[in-house]
Amino acid sequence: MKALGAWIEDRLGLGPVAAFLAKKEVPCHRHTILYYTGSSILLFLGIQIVTGVLLALYYQPTLAEANASVVRIMTEMPLGWLVRSVHSWSATFMIALVFAHLLGIAFTKAYRKPREATWLTGVLLLGSSLAFGFTGYLLPWDELSLAATKVGTNLPKALPVIGTWLTQVMRAGDDVTGDTITRFFIVHVSVLPLALLAILGVHIFLVQRHGMSAPLEAERDKIKLPWLPFWPNFLLREAGVWFVLLGVLLTVAVFLAPGVGPQADLMAPAPEGIKPEWYFLFMFQTLKLFPARILGLNGELIAMLVMMAGMAAVLFLPFIDDRPFERKGKVITGLAWAGLAYAIGMSIWSLM
Amino acid sequence: MKLPASLYSRRAFLNGLIGGWLAALGSAFISPLLKYIVPPTPEPDQVTVPFADYKDMAPHTVKGFAWGNKPGLLQRTEAGEYVAFVGVCTHLDCNVSFVAEQRRFYCACHEGWYDENGLNVAGPPPSPLRRLSVSVEGDTLIVKRQG
Ligand code: HEM
Ligand code: FES
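Just so you know, the sequences run in chain order A and B. Going left to right, the first sequence walks through residues 42 to 393 as my numbering numbers them. Going left to right, the second sequence walks through residues 219 to 365 as my numbering numbers them.
Treat the hints as calculated values from the structure; they're not laboratory data. Yeah, the Cβ is synthetic: ideal placement off N, Cα and C, and Gly gets one too. Check before you lean on any hint, since a few could be wrong.
[As the list claims (entries may be wrong)] Subject to a maximum C-alpha distance of 20 Å in a straight line, what follows is the list of computed SDA-like cross-link-like pairs (lysine to any residue):
no., chain 1, residue 1, chain 2, residue 2
1, B, Lys-253, A, Val-210
2, B, Lys-288, A, Lys-43
3, A, Lys-329, B, Pro-346
4, A, Lys-329, A, Met-387
5, A, Lys-263, A, Leu-196
6, A, Lys-329, A, Glu-313
7, B, Lys-288, A, Lys-154
8, A, Lys-43, A, Leu-55
9, A, Lys-329, B, Trp-331
10, A, Lys-316, B, Pro-346
11, B, Lys-253, A, Asp-215
12, A, Lys-154, A, Asp-362
[Unchecked claim] FRET-style restraints, in silico, Cβ to Cβ:
no., chain 1, residue 1, chain 2, residue 2, range
13, A, Asp-306, B, Pro-250, 43 to 53 Å
14, B, Arg-349, A, Pro-201, 17 to 27 Å
15, A, Arg-334, B, Gly-234, 14 to 24 Å
16, B, Ser-227, A, Ile-343, 15 to 25 Å
17, A, Pro-270, B, Leu-251, 48 to 58 Å
18, A, Leu-83, B, Ser-224, 51 to 61 Å
[To be verified] One side of the interface only, derived from the structure: several residues of chain B facing chain A at Cβ under 8 Å:
no., residue
19, Leu-232
20, Ser-249
21, Pro-250
22, Leu-251
23, Val-314
24, Ser-315
25, Glu-319
26, Ala-326
27, Ala-340
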């Protein structure tokens with residue numbers, strides 16, 4: 042065993058990494074719970090990869106087969122309904138945790154110097170996760186997923202110059218067709234996983250490089266907080282959290298398995314009550330409220346620009362609020378709460 | 219004044235040269251790729267359907283046909299003539315339906331309404347439904363792009 046370890050060490054030279062992990066410390070304070078959101082996202086990402094590969098064993102990304110193959114996974118494959126249910130629920134859990142992770146960081150101002158790049162990669166990870174959800178939603182190819190995808194891919198059209206082209210790239214042409222399914226599938230199972238894992242690698246590297254951020258007061262007064270060794274104490278706690286989450290995930294997945302609607306028909310009218318996945322509801326409702334024309338301008342374009350400005354503000358938050366770490370940030374905290382309240386309020390409204 | 223050494227070093231020059239060359243090469247490869255990812259999906263210039271299928275429509279009713287990848291809606295008017303629309307909402311592209319009792323077109327996505335003539339009358343749609351021109355030749359109905 043020792044000899045094997047030495048052999049590997051000679052070839053890989055990972056000693057410094059192991060030494061780093063062995064003496065990594067996790068500060069303990071009232072926000073320590075936020076540290077668990079990141080590792081829990083990793084848990085659900087792992088589950089997405091495993092269940093996603095399992096689904097892809099039988100899923101067929103074509104116009105004729107997409108819906109039927111999902112039905113087949115659900116009815117004929119042993120435990121296929123559960124694999125699909127776990128994939129669908131774990132997507133929800135993962136995205137909810139990504140939101141919680143980002144909000145927590147916004148509240149505690151952990152994005153400030155020197156962690157701006159960590160925040161940027163984090164927002165990109167949020168974008169990738171949402172893109173996973175958007176492309177995955179089309180794959181079962183039922184009435185709802187067709188209508189939601191038509192609307193979603195039509196949005197860029199409002200943008201000048203590149204809008205129409207962007208829509209064509211997403212749809213594989215002017216309309217949502219069988220080629221769109223194939224395209225969404227490839228993006229969902231190949232392009233996005235590669236992109237997400239690459240960004241995640243940078244993100245995790247940066248987190249280790251800068252260490253965990255501590256609460257503002259501790260930084261300001263240079264207090265040395267009590268801490269736990271990462272290995273094994275903190276990791277054991279994280280494992281405990283994972284077990285609980287896994288239990289909750291399996292329970293909801295077993296009792297609330299998603300169904301699949303009738304196969305999408307390109308010629309049929311849109312069904313009543315279309316709605317996107319829950320994490321897009323607030324944008325959906327926002328769009329609904331914008332009138333066709335505002336002061337003679339295209340309302341849809343204005344809605345798009347407002348939403349893009351919001352996204353840019355989130356992405357560049359560390360540069361908008363670039364004050365020293367120990368300054369309080371009441372305005373940003375207030376805005377984060379307001380944003381959260383807006384998103385929740387609009388989502389609930391869209392369901393009424 | 220003569221400088222003892224050039225401000226622009228040989229290394230900076232070479233970096234710029236190689237970098238510029240790589241950028242040019244990259245864009246030369248990227249532009250055909252960008253072309254490749256959008257397949258040509260031209261809209262049909264015209265579509266023909268058997269007239270027999272539409273001959274017995276009552277006035278103020280609507281029947282569908284395939285306008286390429288989009289639904290087409292053929293409507294019979296009071297006078298017994300035919301008009302056709304592309305059955306796609308001008309708001310965000312959902313397929314619309316004809317609500318016969320109200321003689322209006324309805325889009326379920328964001329509750330958009332069009333009157334019988336395809337004019338947007340309520341909800342978010344910014345413009346009327348697109349019209350197609352219809353003619354009957356013998357036992358075929360020919361639907362063409364307008365204009
Ligand atoms: C962040 C990671 C991921 C998220 C958030 C995600 C999300 C989703 C969603 C929301 C659906 C639709 C579920 C439904 O209603 O049926 C879906 C379907 C699917 N996903 Fe993923 N996914 C992720 C990763 C993956 C990976 C890594 C793979 C495979 C390599 C994969 C393969 C599939 C397949 C084959 C389907 C279609 C089957 C079905 O709809 O039931 N997914 N995904
Ligand atoms: S797509 Fe028809 S009203 Fe929005």
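Results for each hint:
Between the alpha carbons of B/Lys-253 and A/Val-210 the distance comes to roughly 10 Å, so the proposed pair stays at or under 20 Å and holds. At most 20 Å may separate the alpha-carbon atoms for a hinted pair to count; B/Lys-288 and A/Lys-43 exceed this at roughly 68 Å. Taken as a hint, the A/Lys-329 and B/Pro-346 pair is honoured in the structure, with Cα atoms around 18 Å apart against an allowance of 20 Å. Between A/Lys-329 and A/Met-387 the alpha-carbon distance is near 11 Å, which keeps this suggested pair within the 20 Å criterion.
Of the supplied pair hints, the one linking A/Lys-263 and A/Leu-196 is violated, its CA atoms being roughly 49 Å apart against a limit of 20 Å. Between the alpha carbons of A/Lys-329 and A/Glu-313 the distance comes to roughly 15 Å, so the proposed pair stays at or under 20 Å and holds. Between B/Lys-288 and A/Lys-154, the direct Cα distance comes to roughly 52 Å. Violation of the 20 Å bound is thereby established for this hinted pair. Distance hint between A/Lys-43 and A/Leu-55 is fulfilled; the C-alpha atoms sit about 15 Å from each other, no more than 20 Å.
The suggested pairing of A/Lys-329 with B/Trp-331 holds, with an alpha-carbon distance near 14 Å, which does not exceed 20 Å. Restraint check for A/Lys-316 and B/Pro-346: the C-alpha separation of about 24 Å exceeds 20 Å, so the hint is violated. Between B/Lys-253 and A/Asp-215 the alpha-carbon distance is near 14 Å, which keeps this suggested pair within the 20 Å criterion. With a C-alpha separation of about 10 Å, the suggested pairing of A/Lys-154 with A/Asp-362 holds against the 20 Å cut-off.
Look at A/Asp-306 against B/Pro-250: about 35 Å separates their beta carbons, and that is not inside 43 to 53 Å. B/Arg-349 and A/Pro-201 have their C-beta atoms about 26 Å apart, which keeps the hinted 17 to 27 Å range intact. Distance hint check: the CB atoms of A/Arg-334 and B/Gly-234 are about 49 Å apart, inconsistent with the given range 14 to 24 Å. Between B/Ser-227 and A/Ile-343 the beta carbons are some 50 Å apart, a value that contradicts the proposed interval 15 to 25 Å.
Between A/Pro-270 and B/Leu-251 the beta carbon distance is about 49 Å. The supplied range of 48 to 58 Å therefore holds. Between A/Leu-83 and B/Ser-224, the C-beta spacing of about 52 Å keeps the proposed range 51 to 61 Å intact. Because the smallest distance between the Cβ of B/Leu-232 and any Cβ of chain A comes to about 29 Å, over 8 Å, the interface hint for this residue is violated. Given the 8 Å rule on beta carbons, the hint for B/Ser-249 is violated: about 13 Å separates it from the nearest Cβ of chain A.
Interface restraint check: B/Pro-250 against chain A, minimum CB-CB distance 15 Å, threshold 8 Å, status violated. Hint status for B/Leu-251: violated, given a least beta-carbon distance of 11 Å to chain A, over 8 Å. Restraint check, B/Val-314 versus chain A: the minimum CB separation of about 6 Å is within 8 Å; hint holds. Contact between B/Ser-315 and chain A, as hinted, is supported at the beta carbon level, the nearest pair being about 3 Å apart and thus within 8 Å.
Hint on B/Glu-319 is violated. Least Cβ distance to chain A is approximately 15 Å, over the 8 Å limit. Interface restraint check for B/Ala-326: the shortest CB-CB distance to chain A comes to about 5 Å, inside 8 Å, so the restraint holds. A distance limit of 8 Å between C-beta atoms decides the matter here; for B/Ala-340 the minimum to chain A is near 10 Å, and the interface restraint is violated.
The structure fails to meet hints 2, 5, 7, 10, 13, 15, 16, 19, 20, 21, 22, 25 and 27 from the earlier list, while all remaining hints are met.
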